[in-house]
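2 protein chains.
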Amino acid sequence: MNELEVIRGIKKAFDRPFPGVIRGIGDDCAVVRIGGKTVLVTTDALLEGVHFLPQTMPPYPLGRKALAVNLSDIAAMGGEPLFAFLTLGLPKPVPRGFLSSFLKGFKKEADRFKVALLGGDTLFSPGGISIGITLVGLASRHIPYRSRARAGDRIFVSGFLGDSAAGLELLKREGGQKIKIPREIRTVLIKAHQLPEPRLSLGRFLVRRRYVRAMIDLSDGLASDLRQICQASGVGARLDLARLPLSAALLKTAAALERDPFGLALQGGEDYQLLFTVPKTNAALMEKAAWTALRQKLFDIGEIIPGRKIYLGTPHAVEELRVYGYDHFQSH
Amino acid sequence: MNELEVIRGIKKAFDRPFPGVIRGIGDDCAVVRIGGKTVLVTTDALLEGVHFLPQTMPPYPLGRKALAVNLSDIAAMGGEPLFAFLTLGLPKPVPRGFLSSFLKGFKKEADRFKVALLGGDTLFSPGGISIGITLVGLASRHIPYRSRARAGDRIFVSGFLGDSAAGLELLKREGGQKIKIPREIRTVLIKAHQLPEPRLSLGRFLVRRRYVRAMIDLSDGLASDLRQICQASGVGARLDLARLPLSAALLKTAAALERDPFGLALQGGEDYQLLFTVPKTNAALMEKAAWTALRQKLFDIGEIIPGRKIYLGTPHAVEELRVYGYDHFQSH
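Chains as they are written, first to last, in this note's numbering: chain E, 34 to 365; chain H, 34 to 365.
With the rest of the complex left out, here is chain E:
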C-alpha cells in the first residue's frame, strides 16, 4: 500500500458533507466555518530519521523549521496564522540542551509571525524525536484551492528552486569528503534548508488582490507539488526549463557535487516557495504590483494546459516530466 492509497482510504471513509465544513482532506489546510469566520487548520509531523537527521537539523533551526513548514501551509491558502499546538515525542533521557534550544527556535518563529502556542503534549518516544504541530489560522475571503487552476493560466513560483536540496546535500557530506565551495555559498544553501521562510505576506497579498487561482507551497518538490495542482484541477501543465529560477549558489554547488541542478530544482523538496497559477490577463499586473508593494520578484515558469500530463520544455525538445517526489510508504 502506498501513501496515496492510504490517504485515499482515509478520505473515502470520511468524504461527505458536514455542517460547517468547507473543505476537508486534500488541500494544504482544512477550511471550516466557526462563528462567522473562515478558519484554516493544518497539521504536520516531523520524525527524526524520516524528515530530518540530528546532524542536518540542530535543535534551534529544527524548532524554527517545525513551525515554519506549518506556517507555509497557511501561506499557501493566503491566510493568517493564529494559534499553534505542539506535541513533542522525546527519547529517554531527553538529549541534553535539546529542549531549551528547540523551544527557543520555536518561540522565535512564533514571535516573528505573532503566533501563540496554546498547548500540547510531551511524551516518551522510543523511535527518536517526533514533532507534531497543529496550526490554526484565519482565511481570506477568497481561497486559492489546489483545484482552481484552469488551462491557459500562467504558472508562477516565488523564488529559487533547489537551494534547500543542495543545502541538505552539503550537510549530509559534512565530516566526510571535503567539497570546495566558498563559505558564503555554503551558508546560503544551508540556511535555505534549515530556515525556510514561510511566505505569509506574499500569500496574503496574492490572495487579497485576487491575482491567483490555485496555490500550493513547495514541500515535496516542484514536479510533485505541481502534479497535486494538476490532479486536483483536472488539467496538465507545461514547464519551461529555461525559466526555472536557479541561484548562482545552486549552480556552483551542483557542479562541485556533480549533480544536475535542474534535477535538484524539479525533484528536490522543502523549498517552501509558493507555486501558483494566474489567469494570463492578470500576470503582468501582478508581477508589477508584487514588485511595487513587496519588492518581490515572481517567476513565470510555464502554463497550465488541457489534458492531464505535465511536460517539460527544454531548448531542444518537449518531454513528459517524471515525478520522483518522496513517498513515505514506497521503498526506493
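Among the clues, some could well be false.
Remember, identical chains collapse to one label, so a pair may be satisfied in a single copy or spanning two.
[Unchecked claim] List time: in silico DSS-like cross-link candidates among lysine-lysine, alpha-carbon distance up to 27 angstroms:
id, residue 1, residue 2
1, Lys-125, Lys-45
2, Lys-125, Lys-205
3, Lys-205, Lys-342
4, Lys-147, Lys-70
5, Lys-125, Lys-140
6, Lys-141, Lys-45
7, Lys-211, Lys-285
8, Lys-45, Lys-137
9, Lys-147, Lys-45
10, Lys-45, Lys-140
11, Lys-213, Lys-224
12, Lys-285, Lys-330
If you are wondering where the hints come from, they were derived from the structure by calculation, not from laboratory data.
Fit chain H to the known structure of chain E by using the hints.
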C-alpha cells in the same frame, strides 16, 4: 528532566497574554475566541510501546479509543466536539489490515458523536505505530477549569474506578498463566480498557446546569488527576476510601490477580470518568437531576480542603495519598 519540568519549560517560554486566547497550556483543552465563539482545542498522541501494545489494543478498538480519549478532554470542559485531524505514523510495510480496521473504529466513534475528520497526514514511523489527534470543539459559556475548586466543595466521580487498569492486567496476562475469571467479567473489564466511553452528555449537562466548579477526565488515575485539580486551584483534598465506587468485576478480578483493588482504583489510569468538584449546596440537587435527566449515578468520594495535601481517609486512619501516576520521562 521529568515531564513536569519539560511542560513547565514550554509553558514558561510562552506564558503571556495573547489576543483571543482565554486559556493556553495547562487544562484539558486550550480555549480561544474565534468570531464570537469560544472554541476548545485538544491534542493527544498515542505511541505503540508507550501508550498501547498491539496485543492489548487491536486496530479496531485502537481507532475508537484514539478518538475517545480526545473526546473525553472535550467532555471534561463541558464542550461539544466538532472536527478532528489525524496524523498516523505507520511502520513499513503497513501491517496488513491495520488501516481499514483502525479507520473503521475511528469512524464509528466519529459518527457516534457527529465529529468530522477534516485532515491529517500519514507518514513512515520507524518506531512503530503513532497516532496524533487534534480535536476542535465548542465550549459552553461556563467553563469548569481545573483551577476553580474551592475548599468545602464535594468531590464527585462519574463511575467505576480501576476497571480499565484491571482489564489491561488481564490482557497482558493472556496467553500466559490462566486466571480463573468468568467470561462476562473479563469482557466487561477489557471493554473498560479498550472502549472507554467519553462522557460528553454528562459533561455538558453538569456544566450547562452550572453544578460543577472544577472538572477533569481521569486519564492518569484518580490520585494523579485529583492532584492536578488541587495544584491548579491551590487546595488540598480528602478522599474517603470507603466511598470509592468499585465494581464487583474489579473486586473479583483483583482477588484472582492478588492485587489491591484500591490501588487499581486510585493509581490505575484510563478510566476516562469525569472527576469534578461541586459546591456543597449543589450536591444533592445535582445528584437528583443527573438521575432524573440521564439515569446517571454520581459518586461523592470526598471533599476539597484548605492546604495543599491530599489525604486518604480509611475506616482506621487518615494518611497522605501518594501519587504513582505515569510520568513519561521518569524511569521506573
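Hint by hint, here is what the structure shows:
Only between protomers do Lys-125 and Lys-45 lie at most 27 angstroms apart by alpha-carbon distance; the minimum there is 22 angstroms, versus 38 angstroms within a single protomer. Within a single copy, Lys-125 and Lys-205 get their C-alpha atoms as close as 26 angstroms, and across copies as close as 24 angstroms, so both meet the 27 angstroms cut-off. When the C-alpha separation of Lys-205 and Lys-342 is checked against a cutoff of 27 angstroms, the pair qualifies neither within a copy, at 34 angstroms, nor between copies, at 53 angstroms. Taking CA atoms no more than 27 angstroms apart as the test, Lys-147 paired with Lys-70 passes in both settings, with 19 angstroms inside one copy and 21 angstroms between copies.
Taking identical chains as interchangeable, the C-alpha atoms of Lys-125 and Lys-140 lie at most 27 angstroms apart only when both belong to the same chain, with a minimum of 24 angstroms there against 34 angstroms between chains. For the homomeric pair Lys-141 and Lys-45, the shortest alpha-carbon distance between copies (14 angstroms) is at most 27 angstroms, but the shortest distance inside one copy (39 angstroms) is not. For a Cα distance limit of 27 angstroms, the shortest separation of Lys-211 from Lys-285 inside one copy, 15 angstroms, qualifies, whereas the shortest one across copies, 69 angstroms, does not. Only between protomers do Lys-45 and Lys-137 lie at most 27 angstroms apart by alpha-carbon distance; the minimum there is 11 angstroms, versus 40 angstroms within a single protomer.
In this assembly of identical chains, the alpha carbons of Lys-147 and Lys-45 lie at most 27 angstroms apart only when taken from different copies (17 angstroms versus 36 angstroms within one copy). Proximity of Lys-45 and Lys-140 under a CA criterion of 27 angstroms is satisfied inter-copy only: 11 angstroms between copies versus 37 angstroms inside one chain copy. Only within a single protomer do Lys-213 and Lys-224 lie at most 27 angstroms apart by alpha-carbon distance; the minimum there is 18 angstroms, versus 63 angstroms between protomers. Proximity of Lys-285 and Lys-330 under a CA criterion of 27 angstroms is satisfied intra-copy only: 22 angstroms inside one chain copy versus 74 angstroms between copies.
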